[in-house]
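A.B. asks: We have chain V already, so just place chains D, X and L on it with the hints.
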Amino acid sequence: MSIKVRYFASLKEKLGRSEDNLAFVEVLTVRDLWGGANPQQSLPDNILAAVNMEYVDLDSRVNDGDEVAFFPPVTGG
Amino acid sequence: MSIKVRYFASLKEKLGRSEDNLAFVEVLTVRDLWGGANPQQSLPDNILAAVNMEYVDLDSRVNDGDEVAFFPPVTGG
Amino acid sequence: MAVFIVQGDFNPWQEIQKYQNSIDSLAGKIGAACIFIGTMRDFNLGDSVKSMTLEHYPGMGEKQLEVIVVEAHQQWSILDSLVVHRVGDIVPKDAIVLVAVWSAHRGDAFDACRYIMEALKSRAPFWKKERLVSEYERWVAENTTGYNLV
Amino acid sequence: MAVFIVQGDFNPWQEIQKYQNSIDSLAGKIGAACIFIGTMRDFNLGDSVKSMTLEHYPGMGEKQLEVIVVEAHQQWSILDSLVVHRVGDIVPKDAIVLVAVWSAHRGDAFDACRYIMEALKSRAPFWKKERLVSEYERWVAENTTGYNLV
Chain V
64 MSIKVRYFAS
74 LKEKLGRSED
84 NLAFVEVLTV
94 RDLWGGANPQ
104 QSLPDNILAA
114 VNMEYVDLDS
124 RVNDGDEVAF
134 FPPVTGG
Chain D
64 MSIKVRYFAS
74 LKEKLGRSED
84 NLAFVEVLTV
94 RDLWGGANPQ
104 QSLPDNILAA
114 VNMEYVDLDS
124 RVNDGDEVAF
134 FPPVTGG
Chain X
5 MAVFIVQGDF
15 NPWQEIQKYQ
25 NSIDSLAGKI
35 GAACIFIGTM
45 RDFNLGDSVK
55 SMTLEHYPGM
65 GEKQLEVIVV
75 EAHQQWSILD
85 SLVVHRVGDI
95 VPKDAIVLVA
105 VWSAHRGDAF
115 DACRYIMEAL
125 KSRAPFWKKE
135 RLVSEYERWV
145 AENTTGYNLV
Chain L
5 MAVFIVQGDF
15 NPWQEIQKYQ
25 NSIDSLAGKI
35 GAACIFIGTM
45 RDFNLGDSVK
55 SMTLEHYPGM
65 GEKQLEVIVV
75 EAHQQWSILD
85 SLVVHRVGDI
95 VPKDAIVLVA
105 VWSAHRGDAF
115 DACRYIMEAL
125 KSRAPFWKKE
135 RLVSEYERWV
145 AENTTGYNLV
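Protein chains in written order, with our numbering: chain V, 64 to 140; chain D, 64 to 140; chain X, 5 to 154; chain L, 5 to 154.
For reference, chain V alone in the conformation it holds in the complex (with noise of 0.2 Å):
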């Protein structure tokens, strides 16, 4: 299955790119699909994520198709 992986604001910049366009055959979670995008980089504490601009946990299931979204706590306002 087909996935696109965004990040945003610091997350973005320490990761240095803004997306991923990822391929999987097994279904997984957001928090393995982490793990398949950033193998050197272990989940940030304080992470917070989406699926399809909705707010989920990480160990939600993500299906073919999803835009899933990493980013830090959110400061607008």
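It is possible that some hints are incorrect.
Claimed, not checked - Only part of the chain L face toward chain V is listed, based on derived beta-carbon distances under 10 Å: (1) GLY65; (2) VAL103; (3) ARG127; (4) ASN147.
Source of the hints: derived by calculation from the structure; they are not laboratory data. Values in this document were obtained by computation on a predicted structure and should not be read as measured data. Glycine included, each C-beta is placed from N, C-alpha and C at the ideal position.
C.D. replies: Relative to the frame of chain V, chains D, X and L by itself:
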């Protein structure tokens, strides 16, 4: 001593006048003042009183030259 | 810090901008503004209301509003505030009251603005007399609390 | 009910008036408006700040703001609401966010406006990067609560 008494809103309409100028010999309280000015009318339950434009309770003393006001609950804003 | 009692319709947005322009030296310190505007509805207690007269106690109105605003400045960390209250004859949609509070952080602006409004509602010497569409006139009996039950 | 994410400076007073004109049919029902405006300060955490960049997640920003506004409309009796959030490069004194809530009674306007602001601060996907007067750049680490300790 000489005291000005003012009435506002529904109380003013009920009494049919907006002020009294009273002269008294003895020292008295706000409550006494009402009785002197309105011998036929008992003090309404929810009445508010002010002396020189500051809220007071009904047992406060009144001094010569004071402006005393009686009015119903406020409804501004 | 300013308190105005005005006769005749006022535009709350113009008043806020005018006041804000006069405190432009503070602008870089301001992170939050909380504004409350009370306007006249065309119904109350189930009846259609045509107009209203706002009576006040001249002198005491200003004095009490100032006392309330000073209390708010003592209680919260706020940079400035503006209160405008209308008196006289008014019609639905007209602004009755404006409370604006400026601060560095949002919690203080929200808390102080609401405090000023509640104190004004219970202590500022203003009284409303409503004129219904039926021509019947009545004094509003009392203000209720602005806090929703939790 | 409207949510806008805007690039470039906006005048909050004009936005409110424009929106209010578009809901004039509600005007006679409105007794209360509570408005919050967040503006950029020229200092933060003890440092002088020169400018700021507001990044957001396009699509998710709008979506989350709408979710928050719908929650407020479900929880309180409010007539209408407007949220405007700025993105891009901004300088001190500029407006960052505007939340306006209209209702019949004041308690609902205050509660809903504050709810929307707090939810926006903790859930809307926007991020601030500050540029200090020293040219040093830093991401704001996280938003703190807007409720003062009692």
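A.B. asks: For every hint, state whether the structure bears it out.
C.D. replies: Do the hints match the structure? See the list:
no. : hint   : in the structure
1   : GLY65  : holds, 8 Å
2   : VAL103 : holds, 9 Å
3   : ARG127 : holds, 7 Å
4   : ASN147 : holds, 5 Å
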